Amino acid sequence: MVQKIGLGKGLDSLIPLEETLKEVSLEKDKEGFLEIEVDKISPNPNQPRKNFKKESLEELANSIRSHGILEPLIVREKEESGYELVIGERRLRAAKMVDLQRVPAVIKKLTDKQCAELSLIENIQRDDLNAIEKAHAYKKILEGFGLTQEHLARHLGMQRSAIANTLRLLKLSSFIQEAIINGIITEGHARAVLSLESEEDRKVLFDKILKMHLSVRQAESTARRLCGKSGKGRLRIAPKTQQEFIKCQEALEQKFKVPVKIRAKNKGGSIIIKYRDIDELNRIVETIG
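Per our numbering, the very first residue in the sequence shown carries number 1; after that it's consecutive.
In short, the hints are calculated from the structure, not lab data.
Honestly, I wouldn't trust all of these hints.
Calculated pairs, DSSO-like style, for lysine-lysine (alpha carbon to alpha carbon, straight line, at most 27 Å) [claimed, not checked]:
#1 Lys-208 to Lys-171
#2 Lys-96 to Lys-78
#3 Lys-140 to Lys-108
#4 Lys-274 to Lys-171
Owing to the predicted nature of the structure, the values given are computational and were not obtained by experimental measurement.
Please work from the sequences and hints to get the whole structure.
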């Protein structure tokens, strides 16, 4: 009997643990897991984490050198030959660093959708991803598999608003996203920057955060002042109302699959729907019609 491993509540809901492993003609180790040659395992194209710290990998490699791999990798069979990694990229990389020839693994029958969701959930449960990596992972799953934010939120055990707020970080300039990835600013700082409409104001606040070592609360206060200076003739929106506007904006973006901006003024306001080409414009018109 093949030994089972616990994957956590979120993973269990996607892939039942009682699912039997496919029989393969591979050598089994003494614990009942399958031993697979490292060279036969290809990386996971759906891996949400893009940054692997060298120091952390070296520590893991030293541990593997001394104690071996304590938790098996999860893989799935590729259509042509070999295996595709689902969970355990750090372990696989570290195993290669110490020239390990074989690694313990569990083989699962997974669809592309299950594989992407499983990789994302596993990394989130381990708290391994930065906010930008999470945002890209959410976007890839939503666009790649036609899911709604509500559906993804249910799978992850999160509020839909949390998914939407993380996705909004991708609207920031690339240099600000890089600062989040590298831990130079926090997600809270990024949200303060994102609250400003113009790229110029965002750059000003970002520079102030770095030069003056502003806390998140200080950054939010500075953002409000900048908004007041550049918002001539614009309605000062109360926090509760602002959240309602954001919710409406996100609902429109979800419906039309394009960036949308809602601008409120003293009397009424405007909705700006952006599109890339005439085909996308026609699709939006059909959706409205």
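Okay, the hints, checked on the actual structure:
| no. | hint | result |
| --- | --- | --- |
| 1 | Lys-208 to Lys-171 | 20 Å, holds |
| 2 | Lys-96 to Lys-78 | 21 Å, holds |
| 3 | Lys-140 to Lys-108 | 22 Å, holds |
| 4 | Lys-274 to Lys-171 | 13 Å, holds |
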